Amino acid sequence: MTPPAASPDEEEDTLQHPASSGHCSAEQCVIRIEHLTKTFQDKQRTVTAVDDVTFDVKRGEIFGLLGPNGAGKSTLIRILTTLLSPSSGTAYVGEYEITKDPEKIRGIIGVCPQNSTLDNELTAYDNLEFYGKLEDVDDRILPDRIWELLSMVGLTDRAYMKVQTFSGGMKRKLEIVRAFIHRPLILFLDEPTIGLDPESRREVWHQIETLNAENTTIILTTHYMDEAEKLCGRIAFVNQGRLISLDTMDNLRLLLPAGDLIEIGFGRMDDRVLVAISAHSLVISAEIKEQRLFITAKNGNTVLPEILAIFDRYSVTMTAISIRSPSLEDVFIYLTGKKLSDGGGSDGAQGGGRS
Amino acid sequence: MIKGAIAIFKRDFKKFLGNPFVIIFTLLMPIMYLVIFGNAMGGAISHVSIAVVQEEPYIDQTPLFTPVVGELKHMAQPDSPPTFDIAVYNDELKAKRALQTGGVSGVLVIPSPLLPNRPIRLYVDSSDSVTPTVIVSGVNAALVKSGSHSQLEINKIYGDIKYIQFFGVGVIVMAIFMTTMMGGGIALIKDREMGIIEGYFVTPVKRSSIIMGMIASGTVRAFLSGFVIFVVDLLITGIMIQTTENFLMVLLVLFITSIGITSFMVSMASRFSNQQEYASMSAFFNLILFMTSGAFYPVIGMPDWLRWITIINPEYYAVHALRSIVLRGQGLDVIGVDLIALCIFSLAAMMLGIATYRRTLE
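Top to bottom, those sequences are chains A and B. Using my numbering, you'd call the opening residue of the first sequence number 51 and step up by one each time. Using my numbering, you'd call the opening residue of the second sequence number 259 and step up by one each time.
Just so you know, the hints here were simulated from the structure itself, not pulled from any lab data. Predicted model only: the values in this text are computed from it and were never measured. By construction, the Cβ of each residue, glycine as well, lies at the ideal position given by its N, Cα and C atoms. Each hint should be verified, as a subset may be incorrect.
20 Å max Cα-Cα, derived SDA-like pairs, lysine to any residue [stated by the list, open to error]:
1) B/K464 to A/E147
2) A/K93 to B/K273
3) B/K448 to A/E147
Sample of chain A residues at the chain B side, in silico, Cβ under 8 Å [stated by the list, open to error]:
4) R128
5) T132
6) L134
7) S135
8) S137
9) V161
10) P163
11) D169
12) Y181
13) L184
14) D186
Sample of chain B residues with no beta-carbon within 10 Å of chain A, all distances over it, derived [unchecked claim]:
15) D270
16) L285
17) I289
18) E314
19) A334
20) H407
21) M432
22) G496
23) F505
24) D562
25) A606
So here's chain A without its partners, still in its complex pose (with noise of 0.2 Å):
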């Protein structure tokens, strides 16, 4: 269980982990997605919103998308959902093709789209129950589910109330409790829990995992890194259109160089320092990049007081300081050199994904 040897130049291919590649036997499969590609016609140009990506997603599993807005994350859930034919490639999900079943898909998954889809004319109840009526729910059960879900997102006493009138949060709720009102085998979560406040999304986690417990599978999409190291077995990172890296958590973490990072903003640099803090024995790298000093070590927190005595030897002041363990975030920066949340502006070109 080593981690490929890989820099951030070599950022085309994509970084996989030995275990994860290759594809999973049939019962362990649940999703099979074999060079699959979306392109977008315009008037001007073609976009390539998904670009030849193949991976696989475990029965059971909370499987994580994250990429920069743009990246083609919704784009492959649409096609994944049947929104979408793929322009090239194909998809399994279940033991369906994306093309030639699609309804047999449709009948096996519940999918929460990044935008409302409710119905804000209908109450609350009455939206429940047409997704119930349209995904075949027993008409015997179905009351007692609707009730079940308004319950476990607080809006029993707003059942009969317009969406229209409901929060952002009430209605994000409401749309991800519908996705699974048929007890789906495979839920789609794109971007669960924008906009939701800290409370909300600890509930919508909450949710996702005892849903997951029920052995259903789970693809989520986000870019809150939090959130996909809390849920994820596995993550895959998309940039451009591209999976440029799926592994789990743990394998992940092993890209990056060992130890913490600790981050200090300074005033005045006095080259000493940085000679004195590269030698020291726990520190595996210190370099200095815009009056800010970023070092990696083992042991962070006992390094850490060593260091500001440095820094007081030489009398630089300090106007900053952080340590962290190494983040999603970091792996993510790391793999593609840029920032999640920076996306929209680099590669908006990409926005053809979402139309």
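Model the placement of chain B on the given structure of chain A, informed by the hints.
Here is chain B on its own, set in the frame of chain A:
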């Protein structure tokens, strides 16, 4: 203030230019008004069919019969086809039956001995707003030219029917169309615009279920509004429906018409993803279908190319069927053809709607 106004102007104008479909239809509407309204309402009446009968045909033809028939046959407006189509009947009863079932618009009975107490009789279909006048003046002119001084006895077989009564029936059909315009397909487009479809496209619901569900709901609404306007029409124009059977037949016609027009509008909507485009398109169809339905003005006054449209126009059959029942008290033998035509139209529209509905986001 100026800056704000300019910004609003620019935004609105950009949207306008970005929607060529709406621009085209905006310009097309007045042109269509000119062409269709102008032709449908102002056209010279032609091909009005009249049955001419000689009383007691076994006696030699009266000196009047041949010249009158000849005159009527050759009567025409300048540059128009003959005004009348003359059918010579041997039997007065047969001719009158043809008049009752709408086969001919008038029956002229010429008695063999021309005596003061045996006037020339003319029977006209008074449920039509235009043809009786044309027939009466045409026959009078023919008689004068043939040198007859006998008096003409005019019988309006459905009594005096006012224009409002003639037109009122068309308004019932208009009510049905209006309801489908507002309700029928627009919800489908709204769903697409708002992105709500993305929610239910991922459920196993079938394309045909979506279309049929929309048609069913639209039909009920269209039927109800058609019925309300029918009742209002009766109250305003003072028409009486004579029998329960006729009343039930009106309901049947309203229902089938509602299905037909709703299916048509829903099937149109199934291809649109923009409410504005749909609205201009449906206004356009509303115009064409209503103008050529014969609601305003009898189809007989339209030029031939417009009459072709009426053949595939469900509103034409609806207006005809309703007029047959409401104004003439006719039965299934007359409206059967209309019902069959409406059913074929509905079925075709439904199939078109199901076939063209896009069940993906593309």
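Going through the hints against the structure:
1. B/K464 to A/E147: Between B/K464 and A/E147 the Cα gap is close to 18 Å, so the pair holds against 20 Å.
2. A/K93 to B/K273: holds, 18 Å
3. B/K448 to A/E147: Violated, because 31 Å separates the two Cα atoms, which is more than 20 Å.
4. R128: holds, 7 Å
5. T132: With a minimum Cβ separation of about 7 Å from chain B (threshold 8 Å), the hint on A/T132 holds.
6. L134: holds, 6 Å
7. S135: With a minimum Cβ separation of about 7 Å from chain B (threshold 8 Å), the hint on A/S135 holds.
8. S137: violated, 11 Å
9. V161: Check passed: Cβ of A/V161 comes within 4 Å of chain B, closer than 8 Å.
10. P163: holds, 5 Å
11. D169: Cβ of A/D169 sits 6 Å from chain B, so the hint holds.
12. Y181: Holds: closest Cβ of chain B sits about 7 Å from A/Y181, inside 8 Å.
13. L184: Status holds, d = 4 Å.
14. D186: Cβ of A/D186 sits 7 Å from chain B, so the hint holds.
15. D270: Consistent with the label, B/D270 stays out of reach of chain A, its closest Cβ about 23 Å off (over 10 Å).
16. L285: holds, 24 Å
17. I289: Nearest chain A Cβ is 29 Å from B/I289, so the label holds.
18. E314: Given a closest Cβ separation of 73 Å, the condition holds.
19. A334: At roughly 56 Å from the nearest Cβ of chain A, B/A334 sits farther out than 10 Å, so the non-interface label holds.
20. H407: holds, 74 Å
21. M432: At roughly 27 Å from the nearest Cβ of chain A, B/M432 sits farther out than 10 Å, so the non-interface label holds.
22. G496: Holds, since 41 Å exceeds 10 Å.
23. F505: Label holds. Min Cβ-Cβ 36 Å, cutoff 10 Å.
24. D562: holds, 43 Å
25. A606: holds, 25 Å
Going down the numbered hints, you'll see the structure goes against 3, 8, while the others check out.
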